[in-house]
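Peer 1: If you read the sequence shown in numbering that gives the first Met the number 0, its first letter stands for residue 0, the second for the next number, and so on.
No lab work stands behind these hints, which were simulated from the structure alone. Possibly wrong hints are sitting among the right ones.
[What the hints assert, rightly or not] Quick list of in silico lysine-lysine cross-link-like pairs, DSSO-like style, CA-CA up to 30 Å: (1) K215 with K156; (2) K192 with K215; (3) K215 with K243; (4) K181 with K120; (5) K491 with K458; (6) K192 with K156; (7) K43 with K77; (8) K156 with K109; (9) K109 with K77; (10) K85 with K109; (11) K156 with K243; (12) K448 with K458; (13) K491 with K448; (14) K77 with K88; (15) K228 with K160; (16) K156 with K228; (17) K43 with K160; (18) K43 with K88; (19) K458 with K544; (20) K88 with K120.
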Amino acid sequence: MKSSCSLSFFVRLLALPVFFSLTLVAIAEWPLNEIRYRDAEVLKAAGLDNRVESLLTRLEGYFPAKAPLANFDELIRKLGDEDFSKREKVMGELLQGGAGIVSRLQQAEKNRDPEIAARVKILLEKLDTRSGNSSTSAAALRALGELAPLRGLEIAKRLLKEKEDNLVLRDALLDFFIKAVKADPGCRDEFVKHLASSDRRLRVFAIQALGFSGEKLEALLPLLNDPDKGIRNHAGLSLLQNGKKEALLPIIRNLGVGPRQQSFLMANLLAGLTESAEAKKHLAAENPNWNAIQQALETKGINLDLGKNPQGKCLLTVHLAAVANLSSGGGAIHSILPDGTHQKLFDVQILPLAVDAVGHSLVVVQESSRVVQVRNLLGEILSSHDEKSILVGTRVGHQGRRFFFFRTALSSADFNGENALVTGGPNNFLAGGTLWKNKEPVMVTRDGKLETFDQKGNKQGSIQLPLKNATTLYLEGTAEGRLLIAPLSGNKVEEYDAKGQLTRSWPVQANTMLLLPNGNLLAGSRLKNLLAEYDSQGREIRNWKLDARIYKTCSQELRHLPREPAAP
Numbered sequence: 000m001k002s003s004c005s006l007s008f009f010v011r012l013l014a015l016p017v018f019f020s021l022t023l024v025a026i027a028e029w030p031l032n033e034i035r036y037r038d039a040e041v042l043k044a045a046g047l048d049n050r051v052e053s054l055l056t057r058l059e060g061y062f063p064a065k066a067p068l069a070n071f072d073e074l075i076r077k078l079g080d081e082d083f084s085k086r087e088k089v090m091g092e093l094l095q096g097g098a099g100i101v102s103r104l105q106q107a108e109k110n111r112d113p114e115i116a117a118r119v120k121i122l123l124e125k126l127d128t129r130s131g132n133s134s135t136s137a138a139a140l141r142a143l144g145e146l147a148p149l150r151g152l153e154i155a156k157r158l159l160k161e162k163e164d165n166l167v168l169r170d171a172l173l174d175f176f177i178k179a180v181k182a183d184p185g186c187r188d189e190f191v192k193h194l195a196s197s198d199r200r201l202r203v204f205a206i207q208a209l210g211f212s213g214e215k216l217e218a219l220l221p222l223l224n225d226p227d228k229g230i231r232n233h234a235g236l237s238l239l240q241n242g243k244k245e246a247l248l249p250i251i252r253n254l255g256v257g258p259r260q261q262s263f264l265m266a267n268l269l270a271g272l273t274e275s276a277e278a279k280k281h282l283a284a285e286n287p288n289w290n291a292i293q294q295a296l297e298t299k300g301i302n303l304d305l306g307k308n309p310q311g312k313c314l315l316t317v318h319l320a321a322v323a324n325l326s327s328g329g330g331a332i333h334s335i336l337p338d339g340t341h342q343k344l345f346d347v348q349i350l351p352l353a354v355d356a357v358g359h360s361l362v363v364v365q366e367s368s369r370v371v372q373v374r375n376l377l378g379e380i381l382s383s384h385d386e387k388s389i390l391v392g393t394r395v396g397h398q399g400r401r402f403f404f405f406r407t408a409l410s411s412a413d414f415n416g417e418n419a420l421v422t423g424g425p426n427n428f429l430a431g432g433t434l435w436k437n438k439e440p441v442m443v444t445r446d447g448k449l450e451t452f453d454q455k456g457n458k459q460g461s462i463q464l465p466l467k468n469a470t471t472l473y474l475e476g477t478a479e480g481r482l483l484i485a486p487l488s489g490n491k492v493e494e495y496d497a498k499g500q501l502t503r504s505w506p507v508q509a510n511t512m513l514l515l516p517n518g519n520l521l522a523g524s525r526l527k528n529l530l531a532e533y534d535s536q537g538r539e540i541r542n543w544k545l546d547a548r549i550y551k552t553c554s555q556e557l558r559h560l561p562r563e564p565a566a567p
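Starting from the given sequences, assemble the full structure and let the hints guide the process.
Peer 2: Below, the structure is given as structure tokens:
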């Protein structure tokens with residue numbers, strides 16, 4: 000069985016606007032029984048059982064009581080009562096105040112009476128507000144989705160409306176809605192009604208839940224003509240993922256070549272529908288802008304002409320750069336196209352240490368923090384979680400699995416932030432990356448050793464590199480099984496083979512680098528605010544000047560489109 004947690008993110012991937020990558024990356028999924036086990040442990044630690052009433056009570060605690068607690072101060076004083084049963088009764092009354100009493104509880108936590116202070120602390124933890132960690136409520140939502148989705152539907156909708164900014168809960172809500180639609184015909188009918196809701200967020204979640212379940216797809220057809228472009232895109236993609244391409248043909252005439260002509264819906268329609276010559280003829284006949292669309296895409300390196308592209312390759316390499324804005328303390332993510340043009344995709348509030356591309360999304364690691372975010376290309380945060388140690392970077396591993404490289408350990412995580420510690424070390428790792436064609440993780444230690452691991456984190460080998468007493472270095476793997484290393488103390492980038500032998504060197508200063516398909520080096524310098532391409536002799540071929548310090552680059556390609564033979 001498949002993990003609903005991982006699949007919920009997969010559904011969200013299908014709804015992202017995209018500028019470059021059209022490949023759906025296979026996401027490593029956690030077994031369903033493992034998620035259930037983990038949720039059961041979380042609920043047990045919170046003192047909750049698996050009864051529906053207990054789970055509902057937990058979730059209802061997010062909301063204030065219908066009437067304010069006028070006797071709040073008196074109830075706080077009673078928390079110090081000598082009678083244990085009275086203290087317990089008062090605890091229950093205060094919990095009914097929900098999130099509306101949180102600020103007052105935080106003040107009461109400073110009470111001089113240790114009994115009162117301790118019980119207030121327990122109340123705050125039960126209301127799930129002290130640490131900002133909503134894992135218990137997320138576990139309760141997932142459990143409720145399996146036990147009684149129809150009973151939990153109203154509170155789930157309320158949570159979506161009032162707690163959408165809570166990333167952990169939002170992720171669990173989508174899981175809940177998907178389970179509800181798949182498990183209960185009554186929920187399917189409810190979600191069909193929600194397609195016409197005035198709450199846009201609820202409409203989007205309803206589209207995704209129905210689309211993922213494959214139920215009631217006919218209800219999505221009217222949304223293809225919705226005045227809200229985002230709703231049209233969500234509905235179109237849900238139909239597309241269920242193989243309903245023919246339903247989308249009538250709206251192709253609405254596609255244009257404006258500034259956003261490479262929207263995700265349009266790109267998928269072009270990619271999916273032009274796989275057959277017949278559909279391509281329909282495109283040309285139905286869309287008066289077809290020739291202009293085709294020409295515009297070709298200027299970006301995308302060739303949709305079957306006759307000109309007999310090998311069926313449709314590639315566009317796009318470089319991403321994470322840059323810093325030192326005046327604001329934040330940064331931004333830029334995309335850089337092959338023709339040299341670049342644009343800012345979105346801003347980030349904290350200096351971005353690393354960025355990596357995964358299908359239709361980006362993984363952003365923030366400097367001097369433990370925060371890992373998954374964002375779409377509009378910068379919207381899809382999920383966010385904290386790690387246990389400060390990160391030195393992130394890489395995408397085999398089949399889209401993410402590997403995080405700590406200063407103290409190598410750890411992997413799925414798209415929802417569920418972690419599995421793989422291997423540790425005594426604060427020994429300087430840098431990490433993925434290497435070889437299967438993208439297995441590698442790490443460089445402070446004493447200059449290159450350590451390789453398999454996908455399960457088992458150490459495979461260790462090679463001594465000619466690096467002694469390094470304090471900081473930058474590392475990047477190549478598809479050919481080589482390693483690029485740029486020591487901070489040296490103005491050079493060196494390439495090593497699998498045996499640790501130096502094969503090439505470029506006399507350039509870099510803190511981020513990529514080996515391009517043509518064999519040239521793409522290197523970024525945070526000192527020069529420059530991203531440049533160099534040949535094997537170190538000569539600069541071209542450069543991109545950014546008005547910010549470059550921290551990290553990565554590269555992504557458009558997918559290979561499966562093509563039929565060109566029509567004679």
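Peer 1: Run every hint past the structure and note whether it holds.
Peer 2: Now the hints, each set against the structure:
{"no.": "1", "hint": "K215 with K156", "result": "20 Å, holds"}
{"no.": "2", "hint": "K192 with K215", "result": "11 Å, holds"}
{"no.": "3", "hint": "K215 with K243", "result": "13 Å, holds"}
{"no.": "4", "hint": "K181 with K120", "result": "39 Å, violated"}
{"no.": "5", "hint": "K491 with K458", "result": "29 Å, holds"}
{"no.": "6", "hint": "K192 with K156", "result": "13 Å, holds"}
{"no.": "7", "hint": "K43 with K77", "result": "28 Å, holds"}
{"no.": "8", "hint": "K156 with K109", "result": "35 Å, violated"}
{"no.": "9", "hint": "K109 with K77", "result": "16 Å, holds"}
{"no.": "10", "hint": "K85 with K109", "result": "21 Å, holds"}
{"no.": "11", "hint": "K156 with K243", "result": "28 Å, holds"}
{"no.": "12", "hint": "K448 with K458", "result": "13 Å, holds"}
{"no.": "13", "hint": "K491 with K448", "result": "19 Å, holds"}
{"no.": "14", "hint": "K77 with K88", "result": "10 Å, holds"}
{"no.": "15", "hint": "K228 with K160", "result": "21 Å, holds"}
{"no.": "16", "hint": "K156 with K228", "result": "23 Å, holds"}
{"no.": "17", "hint": "K43 with K160", "result": "28 Å, holds"}
{"no.": "18", "hint": "K43 with K88", "result": "22 Å, holds"}
{"no.": "19", "hint": "K458 with K544", "result": "40 Å, violated"}
{"no.": "20", "hint": "K88 with K120", "result": "16 Å, holds"}
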